[in-house]
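S.K.: Chains as they are written, first to last, in my numbering: chain A, 1 to 693; chain B, 1001 to 1079.
Source of the hints: derived by calculation from the structure; they are not laboratory data.
Any given hint could turn out to be false.
Calculated pairs, BS3-like style, for lysine-lysine (alpha carbon to alpha carbon, straight line, at most 25 Å) [what the hints assert, rightly or not]: (1) B:K1065 - A:K35; (2) A:K359 - B:K1065; (3) A:K107 - B:K1043.
Remember, predicted model here, so these are calculated numbers, not experimental data.
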Amino acid sequence: MRFTIRHEIKNRIRIHLSMKRMSFREADTLEYYLKSISGVRDVRVYERTADAVIFYDQDRSEVIRRIKEFSFENTQVPERVYECSGRELSAGYYDRIVTTVILHFGKRLFMPFSIRKVWDTVKTVKYIWRGLRTLKSGHLQVELLDAMAICAAILTGDYNTASNVMFLLKIGDTLEEWTHKRSVDDLARRMSLNIDKVWLLTENGEVLTDSSGIECGDKVIIRMGNMIPFDGEVDSGEAMVNQASMTGESVAVHKCSGSSVFAGTVVEDGELTIRVTQTEGSGRFDKIVKMIEESERLKSSLESKAERLADRLVPSTLIASAATWLLSRDVMKAVSVLMVDYSCALKMSMPISVLSAIKEASEYDITVKGGKFLEAVAEADTIVFDKTGTLTKAKPTVARVISFCEESEDELLRQAACLEEHFPHSVARAVVNAAFDKGLLHDELHTNVEYIVAHGIASEIDGEKAVIGSYHFVFEDEVVSIPDDRLEQFESLPDEYSQLFYAKNGKLAACILIEDPLREEAREIVEKLRKQGFEHVVMMTGDSERTAAKIASETGITEYYAEVLPEDKAGYIEKAKNEGHRVIMVGDGINDSPALSASDAGIAISDGAEIARQIADITIGSDNLEGIVILRDISKLLMKRIRFNYRTIVGFNTALIGLGIAGVMPPSTSAMLHNGSTVALGLNSMTRLMSDK
Amino acid sequence: MNLKGWGLFALGTLFGLEGIKLLSSKDAKKVYAHCTAGVLRAKDSVLDQVTVLQENCTDIYEEAKAINEERATKDDVEE
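Generate coordinates for the entire structure from the input sequences, incorporating the hints supplied.
M.R.: Right under this line is the structure:
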């Protein structure tokens, strides 16, 4: 495609395509294409001007060549990219803000004063109504102060101030909404891009299928911890389904044959086979967005303290105003106190700070669901790690299979993989991958699979009862015995691996040695976290005491709990919270979900189980734990910035009030300084929190 | 005076009879639509200008950063 270079420096180029403007779809196509060029680091497409900025690391001529090759028609883009694009949303908000600004200043230039007066007075009604509504809650809230300030300005004939206050409040509102939408959307985008395989029930058993290939009437199996991807009707099975995304009800609902299930709801317990009644493309993305919004609302109705800081100012402003009137008997001076409105500055700088912090975090592959979680991370003094997939590499591998029966090791691995492939756990995935790598393909051999959280799996293969799981599950719960002639072999199993036991008909058949190497950075991260002020760094694992002790000593963790059940993880967190600690939980599996939701801020590793990501407040990239350290830094800096903004706003504006009352400064100057400082703080809040790496 | 009063009254009556019809006629609506379209176009062009401004500012900012980086590496070499 033809293009011109508009600006160029080393490793950055801005091009203009020879067209007047792009549609959102075209812009997404271009962005997708440019990002797929190897060596391109970052791309930004401006649809309005048909421009694109490209950051690249490799040879310039190669990049140029690839851009020349581009055409809208020949670029294949997955439909999801469009569905999840935030472009239209951002453009909408951008449009709204610019329009508000233009209207505000244009009105002042072109509209006759008499009409403006009526216009502003009419607009006041909305703010008065808002202010009065907050009275119902019984607390003095900042909306009341806004209403009073606007009223006071209108009544004293100062229409400019009234319209300035309303203008800033409106910008603040829009920004706040944008912040929220954007962070929720970012998250939903990640989540919806992540799920693309479902278990399709065919005549030959279950087949893992691309979800885009599912049609109405197909039967799909959903197990514990997974989201139901389509609307449908339950064909068989029973499960408890969390429908918070549909109904707002956080208690799981029992579903059995004949009940309807909805896309975006989550199977908390049990297993369902559903007959699909509506396939993809039916607003799946919107449903995920809705689900996140609901879970956010359910989780805590308490708003962030930072967001409510402004409320504290209400009583003192009212008192100050009354005192001024009593002392000076001058209504104008009393009103001038009311009119220096702290809240528009706070309302603007708060969301901007939070938004830019969330955006900055996302540059490090960290997704944060809301400002209050950054607050929780900043204040936390205890951090709890799940071991597998968190402290250890996300991808454990099968080191060896040891047979305890007549069957070959490969055959046993094949059977184990057949059982394990249904479950979203990293160890299970390791077994499946090992079988796949060895080319051990299998038909579904077993009957219905039963999954027991944190313990293992039970099913039947060729009429024989088969169980697979931890030592505790296989030998203590299922009372499996070891063949007499193999006792010696059992005793000599190597220590350095996690062990997974597979038994058939009550007899141990194989031990699968799982190698789960520690992340190289784990020790360093633990140390850094201590330096960052975490008093307790705790590790919890379902593994044996022996493996846990080894990992703990390697990472330098002193507090650890082995053979822990999921409920106990959550229990520990509850206990720590009751003792007054603020707790962060880091985990990746289904078995971590109770703990993630019990904690003040739950952090999930981004390739973990879906339910963990849904429940978690924050997700970090799977390749490096450094994300946690960065997150803590960003949170602390954000809190510092918020406090700085708060103090500056209150200090500066109080000084303005003082000068106004004393008669040193005319109202117009103080209004200008007030607005100027608000904008300056807003701009300052947009800057990066962390200095460049 | 009296004449002016009558004149105004006549105009008012005429307006009441025909003027309202005229203002809400199809042709008038076309005029309104064109005016609104003009306003929207103006807004759009302002938004375009804002984007162009933003692009140029980002260019300048990035270039400034590059200049400083270069200086920093030069200083390092000199030391």
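S.K.: Compare the structure with each hint and give your call.
M.R.: Taking the hints in turn, this is what the structure says about them:
| no. | hint | result |
| --- | --- | --- |
| 1 | B:K1065 - A:K35 | holds (23 Å) |
| 2 | A:K359 - B:K1065 | holds (20 Å) |
| 3 | A:K107 - B:K1043 | holds (13 Å) |
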